[in-house]
Amino acid sequence: MTPELRATYTRYLRAYPTAWREANGEALLDTLDESVGPDASRPRWREVRSLLVNGWRTRVTSTCTSPGAAIREGLVWGVLATQAVGPSFSVVGGLWLIAAVLIIAFPNRVAAVVFGVLAVAAEIYGFVSYRQPIQGGRRDCGFAPQSQSHRRHCHGRRTLHRGATPRV
Amino acid sequence: MMLSDQGYFVLASLQDGPLHGYAIIKKAAEISSGRVRLATGTLYGVLDRLAINGLVVLESESIVDGRARRTYQLTHDGLSALRAEAERLASAAKVVRPRIARGVIAVRPA
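Protein chains in written order, with our numbering: chain A, 1 to 168; chain B, 1 to 110.
With the rest of the complex left out, here is chain A (with noise of 0.2 Å):
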């Protein structure tokens, strides 16, 4: 593959945690350079799906060695999505969250079945709380009145929740 492929699958190693790569980056790099041949300029999407979920899954094996650490691991991710994504993300994407912590961390029928479970609860939960605004006013989004996450979060749908004031 060429330096520049080379470097962009680098990137994508980075999902690894950095001990791990450190102890088998250049091992694995080679083998990729040597299965997808010294001409190939752009990246197979496989091979990237498989380092994203790999590395992903090795972060979360190497510090989830029980279930209890399991929750533990996706209510920190779920948290840290919420500080990313905005309050109205906080419950369904904690819940998704969790699920997909355990489902990596424990790939068995009973992460299965919780996955489902959750993913169902947090389906319902997204569904209703979109569908109905709180009794008597305006359901609060949790960004501050002027700001521009507001507005964008509020004002930026074609339907409003009610009490909220069209976008001039």
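Mixed in with the good hints, there may be bad ones.
To be verified - Pairs of lysine to any residue, SDA-like flavour, derived with a Cα cap of 25 Å: (1) 26(B) / 13(A); (2) 26(B) / 143(A); (3) 26(B) / 52(A); (4) 26(B) / 75(B); (5) 26(B) / 65(A); (6) 27(B) / 149(A); (7) 26(B) / 76(A); (8) 26(B) / 27(A); (9) 26(B) / 23(A); (10) 26(B) / 37(A); (11) 27(B) / 120(A); (12) 26(B) / 39(A); (13) 26(B) / 149(A); (14) 26(B) / 35(A); (15) 27(B) / 71(A); (16) 27(B) / 45(A).
Unchecked claim - Label-pair restraints from in silico Cβ distances: (17) 119(A) / 90(B): 35 to 45 Å; (18) 17(B) / 26(A): 19 to 29 Å; (19) 76(A) / 92(B): 21 to 31 Å; (20) 38(A) / 4(B): 42 to 52 Å; (21) 58(B) / 44(A): 22 to 32 Å.
Stated by the list, open to error - Covered, in the sense of this in silico footprint (three residues per stretch, anywhere, with C-beta under 8 Å from a C-beta of chain A), are these stretches of chain B: (22) 35-44; (23) 62-71.
By construction, these hints were calculated from the structure, which means they are not laboratory data. Ideal Cβ positions, reconstructed from N, Cα and C, are used throughout, including at glycine.
Got chain A sorted already, so can you dock chain B onto it with the hints?
What follows is chain B alone, placed relative to chain A:
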């Protein structure tokens, strides 16, 4: 340890001696008639799990044509896990095969 399909074919590809990463990918595809096509990240994930369970070990590490080349080897535990899985698959196949040989035909729904 339950062997996954991928784990089974990685172990099977090491039966005849140690192999390096890319050789395992090729051999696994060959002996599974192209069914198990391992992406590189997946191969290293499978090898990690097999090594943690003591079924394979890193045999040697060398530089060939400027590439880091690691060869992996089956352990005794790895060989017995592979054989146990092969027995399990064979006995599962036995439930179906004799019927095919006797020419039992499934009844079509009306």
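Query - Hints breached by this structure - result: As far as the earlier hints go, 2, 5, 6, 7, 11, 13, 15, 19 and 20 are violated by this structure, in ascending order.
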